[in-house]
Amino acid sequence: MTILNLVFIVFLGILFFITYFHISNYILDIYGNKTLKRYNFENSIRVIIFITPAFIVLFIFILYPVFETIRLSFYDKFGREFVGLYNYKWAINDPEFRRSILNNLVWLLVVPTLSTFFGLVIANLADRIWWGSIAKSIIFMPMAISFVGAGVIWKFIYEYRGPENTQIGLLNAIIVSLGYEPQAWLTIPMWNNFFLMAIMIWIQTGLALVIFSAALRSIPKEMLEAARIDGASELKIFFSIIIPYLEQTILVIWTLITIIVLRIFDIIFAMTNGEWQTGVLANLMYDWMFRGGGDSGRGSVLAIVIMIGVIPILAWNLYKHRQEQKI
Amino acid sequence: MKKFSISSILSQLLLLFFVIIWIIPTFGLFISSLRDKDLLAISGWWTSLTTTEVNEIYRMSGMESQIEEDGYFKIKGKLFEDNSGKKIESFGITSKKINEFNIGDIAIFKDESEVLLDEDGNYEWRSKTEFKKKKGKRLFTTSLSPPAFTFENYREVLFKEGIGRAFINTMAVALPSTLIPLIICSFFAYSLTWMKFYGRDTLLAIIIASLVVPLQMSLIPILTIYNDFGALFGVAAKSYPGVWMAHTGFGLASTTFLLRNFLKSLPNEMMEAAKVDGASHYDIFLRIIIPLSIPAFASIFILQFLWCWNDLLVGLVFLDQVPSEIILTAKLKELLGSRGENWEILTTGAFVSMTVPLFIFFALQRYFIRGLVAGSVKG
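Going down the list, the protein sequences come from chains A and B.
Note that the numbering used here has the first sequence beginning at 87, numbered continuously upward.
Note that the numbering used here has the second sequence beginning at 70, numbered continuously upward.
There's no promise every hint is true.
As the list claims (entries may be wrong) - Below, a list of computed lysine to aspartate or glutamate pairs in the EDC-like style, where the Cα atoms sit at most 20 Å apart: (1) B/229 x B/107; (2) A/406 x B/270; (3) B/206 x B/225; (4) B/166 x A/250; (5) A/163 x B/270.
To be clear, the hints were calculated from the coordinates, so they are not data collected in a lab.
Computed from a predicted model, the values in this text were never measured in an experiment.
My request is simple: use the sequences and hints to build the entire structure.
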């Protein structure tokens with residue numbers, strides 16, 4: 087496809103939706119009669135015009151797939167024959183699956199916790215220092231770049247050359263200058279997971295940081311002043327006032343990062359492709375979508391396991407939503 | 070205010086420590102993308118910031134370029150182009166003793182030919198007898214190289230490695246994938262907020278639930294739909310419109326949710342007044358809602374655009390990995406596999422892929438942060 091064609095279809099694609107809304111509403115405006123009796127009828131048509139495109143997309147891309155994935159998990163690799171719990175049994179007995187689940191759990195434990203912690207600490211430090219906003223910008227910046235881009239950045243840091251060569255990776259250069267042997271970091275089982283997690287923490291701390299910065303401003307200044315006058319140390323203020331006050335925010339950020347980490351795929355796919363025991367569920371799922379011509383049964387089981395991880399959060403969100411509706 | 074207290078200095082140092090840790094990886098990538106590719110492969114990027122000593126091997130020209138002068142056969146030439154600012158300190162003629170001679174010394178080979186070298190790399194190789202070999206002899210040089218940067222890698226990567234085309238492809242994926250959800254979700258959010266109809270609350274609950282549904286749940290069924298659709302109508306299963314709609318689907322819940330939160334905050338009286346004046350919902354939408362929502366649109370646009378620009382999985386599954394369709398992240402991943410040792414291509418490619426996000430980040434940071442803080446939860 088030439089670039090000119092590409093520009094043309096991009097333009098056409100966007101125009102299509104604008105035209106749909108404009109023409110349909112325009113026709114309704116002409117033929118719709120504004121008398122009271124027909125106003126309700128006109129409104130019903132209008133509602134249909136307004137919600138139809140979004141609803142179709144929602145149905146095709148979210149609602150139907152959720153049920154279809156559940157169905158497929160009970161069917162064979164082509165989705166044709168019912169096999170009962172066969173795919174689930176396979177998963178439980180598959181060493182790769184166990185490894186992935188274990189890795190995912192470690193990710194879920196480490197990344198949200200450390201990102202939230204660093205975000206909170208940095209937000210606090212930056213809040214009281216005149217060049218704090220520049221510091222915040224810099225630490226927030228990795229949020230803007232892609233996981234793959236971040237992968238390249240960090241792969242360069244972890245780059246390994248044999249002991250006889252000059253190290254061009256920063257980490258190994260530091261290790262060598264301290265007198266140790268250079269290491270191929272990404273191939274050391276178990277520890278390599280932590281080197282991959284470092285990348286995610288590097289990215290997500292920025293997210294925690296900006297949300298905490300906004301929340302910190304809501305803490306009444308008088309309270310902090312009073313504590314200082316009473317002679318409380320900054321550390322004491324941090325643990326006794328700021329953390330309890332931001333409890334809700336901490337929870338929100340922690341869940342936010344948990345959801346992102348649960349479906350982590352790009353970093354591992356780009357850095358190790360799941361080798362050296364670094365695989366997680368999303369990578370294993372991608373693998374099974376295409377391995378041996380694709381196995382929709384096994385892939386679906388893996389997707390469902392990821393989904394199970396978010397169900398508590400989903401339930402909690404719905405519960406909170408209902409509380410809000412009542413008010 | 071206690072300005073110079075120990076705790077204040079400590080917290081400044083601690084913050085500085087964090088800032089340095091956070092910026093060094095990106096900074097290293099940027100510097101590396103501007104370095105000469107041969108230097109990049111043999112020395113760390115941090116050495117390029119100061120004048121450094123480099124050891125190199127060059128080969129002089131062979132017999133074809135010899136001339137006869139003053140009773141000698143001479144070969145004259147240059148070891149390297151003189152624009153790099155490199156100065157040779159010492160040189161050698163065997164790999165065992167690479168620092169044997171200083172500039173100005175005459176080095177004598179086993180065959181009794183002599184070589185003179187100046188610090189800019191000009192050499193004169195002379196012999197009483199005629200040169201008979203096609204290849205010249207090797208010279209080992211030790212030179213001081215000042216910090217030198219070049220855009221050569223960028224030219225190479227953009228035009229030869231296909232990153233330039235991938236950049237355009239990514240734009241063709243990201244722009245509609247951002248605008249289409251913005252268009253349809255603004256109508257959707259409007260009707261969820263300001264219109265009364267049966268099933269509205271259920272629909273809202275579905276949106277809230279969809280916020281956290283991981284996109285992995287949708288991949289297999291949608292891929293199947295696309296394959297069936299392609300086979301039924303005889304069109305390609307993987308196409309740009311397919312990716313747009315996939316991104317629209319995955320971004321629909323969060324876009325609607327954020328927009329609804331914003332629309333809810335608008336005063337009800339305004340809509341009522343417009344309705345009394347005989348305005349239809351479409352009039353209200355066009356003339357009141359859109360102008361008021363520009364800041365909210367900007368935030369959501371940036372979030373969704375960055376999401377689509379940085380996405381790998383959707384582009385990998387719903388587009389063919391061919392030059393006319395491959396997106397930047399997929400291309401980078403491919404290069405990581407095939408050119409894993411060519412750091413000049415990887416670092417430069419990564420930086421090219423980061424230009425748009427970084428531009429948005431620095432130019433529109435306010436809207437970006439506002440969108441994130443508004444509570445983006447995306448599956």
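Evaluated hints:
no.	hint	verdict
1	B/229 x B/107	holds, 18 Å
2	A/406 x B/270	holds, 14 Å
3	B/206 x B/225	violated, 31 Å
4	B/166 x A/250	holds, 18 Å
5	A/163 x B/270	violated, 38 Å
Comparing the model with each earlier hint shows violations of hints 3 and 5; every other hint is respected.
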